[in-house]
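Enquirer: These are the residues of each chain, in order.
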Amino acid sequence: MKKLLIVEDEAALQDALQKVFTTEGYEVSQAFDGEEGIKLAKEKKPDMILLDLILPKKHGFEVLQEIKADASLKDVPVLVLTNLEESTEVMKAIELGARGYLVKANYALKEVLAKVKDILG
Amino acid sequence: MFTTAIAAQRFSDDPAIVIISVSMMAAFLFVVGNAVVSSFQRLADASRIKSEFVNIVSHQLRSPLSAIKWQLELMLDQMKSVTGDVAVTMGTISRQNERMIALVNDLLEVNRIEDDRVILRPTKIAIDSFVEQIANGYKPLAEQTNEKLTFVSEARPLIVFADETKLRWVTENLIDNAIRYTKAGGDVTVKVLRAKNMARVEVTDSGIGIPVGDQAMIFQKFFRSENAVRARAEGTGLGLYLVRSLVGAMGGKAGFASMEGKGSTFWYTLPLVENSEPPQKK
Numbered sequence: 004m005k006k007l008l009i010v011e012d013e014a015a016l017q018d019a020l021q022k023v024f025t026t027e028g029y030e031v032s033q034a035f036d037g038e039e040g041i042k043l044a045k046e047k048k049p050d051m052i053l054l055d056l057i058l059p060k061k062h063g064f065e066v067l068q069e070i071k072a073d074a075s076l077k078d079v080p081v082l083v084l085t086n087l088e089e090s091t092e093v094m095k096a097i098e099l100g101a102r103g104y105l106v107k108a109n110y111a112l113k114e115v116l117a118k119v120k121d122i123l124g
Numbered sequence: 273m274f275t276t277a278i279a280a281q282r283f284s285d286d287p288a289i290v291i292i293s294v295s296m297m298a299a300f301l302f303v304v305g306n307a308v309v310s311s312f313q314r315l316a317d318a319s320r321i322k323s324e325f326v327n328i329v330s331h332q333l334r335s336p337l338s339a340i341k342w343q344l345e346l347m348l349d350q351m352k353s354v355t356g357d358v359a360v361t362m363g364t365i366s367r368q369n370e371r372m373i374a375l376v377n378d379l380l381e382v383n384r385i386e387d388d389r390v391i392l393r394p395t396k397i398a399i400d401s402f403v404e405q406i407a408n409g410y411k412p413l414a415e416q417t418n419e420k421l422t423f424v425s426e427a428r429p430l431i432v433f434a435d436e437t438k439l440r441w442v443t444e445n446l447i448d449n450a451i452r453y454t455k456a457g458g459d460v461t462v463k464v465l466r467a468k469n470m471a472r473v474e475v476t477d478s479g480i481g482i483p484v485g486d487q488a489m490i491f492q493k494f495f496r497s498e499n500a501v502r503a504r505a506e507g508t509g510l511g512l513y514l515v516r517s518l519v520g521a522m523g524g525k526a527g528f529a530s531m532e533g534k535g536s537t538f539w540y541t542l543p544l545v546e547n548s549e550p551p552q553k554k
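Top line first, the protein sequences correspond to chains X and V. Just so you know, we're using my numbering here: the first sequence kicks off at 4 and counts up by one. Just so you know, we're using my numbering here: the second sequence kicks off at 273 and counts up by one.
There's no promise every hint is true.
[What the hints assert, rightly or not] Straight-line distance between alpha carbons at most 20 Å, and here's what the computed EDC-like set of lysine to aspartate or glutamate pairs gives:
1) 113/X <-> 370/V
2) 493/V <-> 444/V
3) 113/X <-> 349/V
[To be verified] Over the 10 Å line for every Cβ pair with chain V, so calculated as not near, a few chain X residues:
4) 4
5) 27
6) 31
7) 45
8) 46
9) 47
10) 48
11) 61
12) 62
13) 95
14) 98
15) 99
16) 103
17) 118
18) 122
[To be verified] Coverage of chain X stretches by chain V, computed from C-beta distances (three or more under 8 Å per stretch; other residues unrestricted):
19) 7 to 21
20) 80 to 92
21) 105 to 112
Derived from the structure by calculation, the hints contain no laboratory data. Just so it is clear, CB atoms sit at the ideal spot from N, CA and C, and this is done for glycine as well.
Take the sequences, apply the hints, and build the full model.
Expert: Below is the structure:
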């Protein structure tokens, strides 16, 4: 069973993602702020992380940086799931090592699921 | 004050009066100059604040809209067996939510265009098959009102270097407009052709057309012609503004020809790249 960590502060979005991935057989952990995201990433050692950018306590870019700086986590693929879409943000996410960047409002849950499956192979 | 100073200089031989006049002119120009610079600065600040405001509001709106989108998707998945009024209502809510998302996306895109920071991710695209696929996707919408939607390609392949998402948006916008502003039983033709070193996409309809008096404003932001508002209340007047701006950003042009009551042809062109079918020898 593949392990997934979802770092997202909006409860309604967390809920939708958790339902769709649990139904598909993933083991889902949920973090509602950046600090909890890093803590759970270290504890759970997920196969993949879905990461929002605007997060309480620690911005998504800081979370991404810390994950990529951690030897035990640096190879875990991170898919940025955000509603920010400016070129500077997309480029920064890719530069920091994100494997993908999706704008939540423009993607259906099925498409997010397909992207995760694609990255995990 | 300025004209007084010039007059004084012109009609006086007294050097003192000339010096005073020139000093007055310099002071006047200094004050006016500062006022103009300050006005420009205020305008620039106002524009920047407006731009930031639209950006923040639009991004903030996207969060609840995406929550509604995903929760509705889950509900609709669970309600596959449900029919009748509930299913229709859920479908309506979903479509209205998608409209809101599209509107926010359009506002963000307008903001980027105005700030000269459009994001382009160009790739090579065979525009003939690309447009054909989009046109085919619109057949169900055309069939709802018994409109005949035809696709014609005069040359294949025609390769352009463009941002696929933007090009899809532009093409969909033109085809969608053509279908929606054409009465039941009408015709919509989507054509791809080569025009010298450009690929040209034309969308021709037998719809309401554009009144002559409105034609000069049709690509202006937020403009909608009166007959378009009468025919269809929905619409923001951003679509054609974005079409022209995005095509322009990708190195092409957009235009139209129209006759009120007879129909319109909207077109755009994009520069061709290698591997395209060579021009026909005449």
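Enquirer: A separate judgement is required for each hint: does it hold in the structure or not?
Expert: Okay, the hints, checked on the actual structure:
Between the alpha carbons of residue 113/X and residue 370/V the distance comes to roughly 16 Å, so the proposed pair stays at or under 20 Å and holds. In summary, the hint linking residue 493/V to residue 444/V is supported, as the alpha carbons are separated by about 18 Å, within the 20 Å threshold. The suggested pairing of residue 113/X with residue 349/V holds, with an alpha-carbon distance near 11 Å, which does not exceed 20 Å. With a closest Cβ-Cβ approach of about 21 Å to chain V, residue 4/X is found to remain outside the 10 Å limit, as its non-interface label requires.
At roughly 12 Å from the closest C-beta of chain V, the C-beta of residue 27/X stays outside 10 Å, upholding its exclusion from the interface. At roughly 15 Å from the closest C-beta of chain V, the C-beta of residue 31/X stays outside 10 Å, upholding its exclusion from the interface. Annotated as non-interface, residue 45/X keeps its C-beta farther than 10 Å from every C-beta of chain V; the closest such distance is 28 Å. Listed as a non-interface residue, residue 46/X keeps its Cβ farther than 10 Å from every Cβ of chain V; the least gap is roughly 27 Å.
Under the 10 Å C-beta cut-off, the non-interface status given to residue 47/X relative to chain V holds; the minimum distance is some 23 Å. Non-interface status of residue 48/X relative to chain V is upheld: no Cβ of that chain comes within 10 Å, the nearest being about 27 Å off. Its beta-carbon lying about 18 Å from the closest one in chain V, residue 61/X satisfies the requirement of being farther than 10 Å from that chain. Under the 10 Å C-beta cut-off, the non-interface status given to residue 62/X relative to chain V holds; the minimum distance is some 14 Å.
No beta-carbon of chain V comes within 10 Å of the beta-carbon of residue 95/X; the shortest separation is about 13 Å. For residue 98/X, the condition that its CB be more than 10 Å from all CB atoms of chain V holds, with the nearest at approximately 15 Å. Against chain V, the non-interface label of residue 99/X holds: every CB pair exceeds 10 Å, the least being about 18 Å. For residue 103/X, the shortest C-beta to C-beta distance to chain V comes to about 14 Å, beyond the 10 Å cut-off, and the non-interface label holds.
No beta-carbon of chain V is positioned within 10 Å of the beta-carbon of residue 118/X; the least distance is around 14 Å. With a closest Cβ-Cβ approach of about 19 Å to chain V, residue 122/X is found to remain outside the 10 Å limit, as its non-interface label requires. Check result for the region 7 to 21 of chain X against chain V: holds, 6 residues qualifying (beta carbon to beta carbon below 8 Å, three or more required). Counting residues of the region 80 to 92 of chain X whose C-beta lies closer than 8 Å to any C-beta of chain V gives 5; at least three are required, and the coverage claim holds.
Counting residues of the region 105 to 112 of chain X whose beta carbon lies closer than 8 Å to any beta carbon of chain V gives 6, which reaches the threshold of three, so the coverage claim holds.
Every hint, counting from the list given before, is met by this structure.
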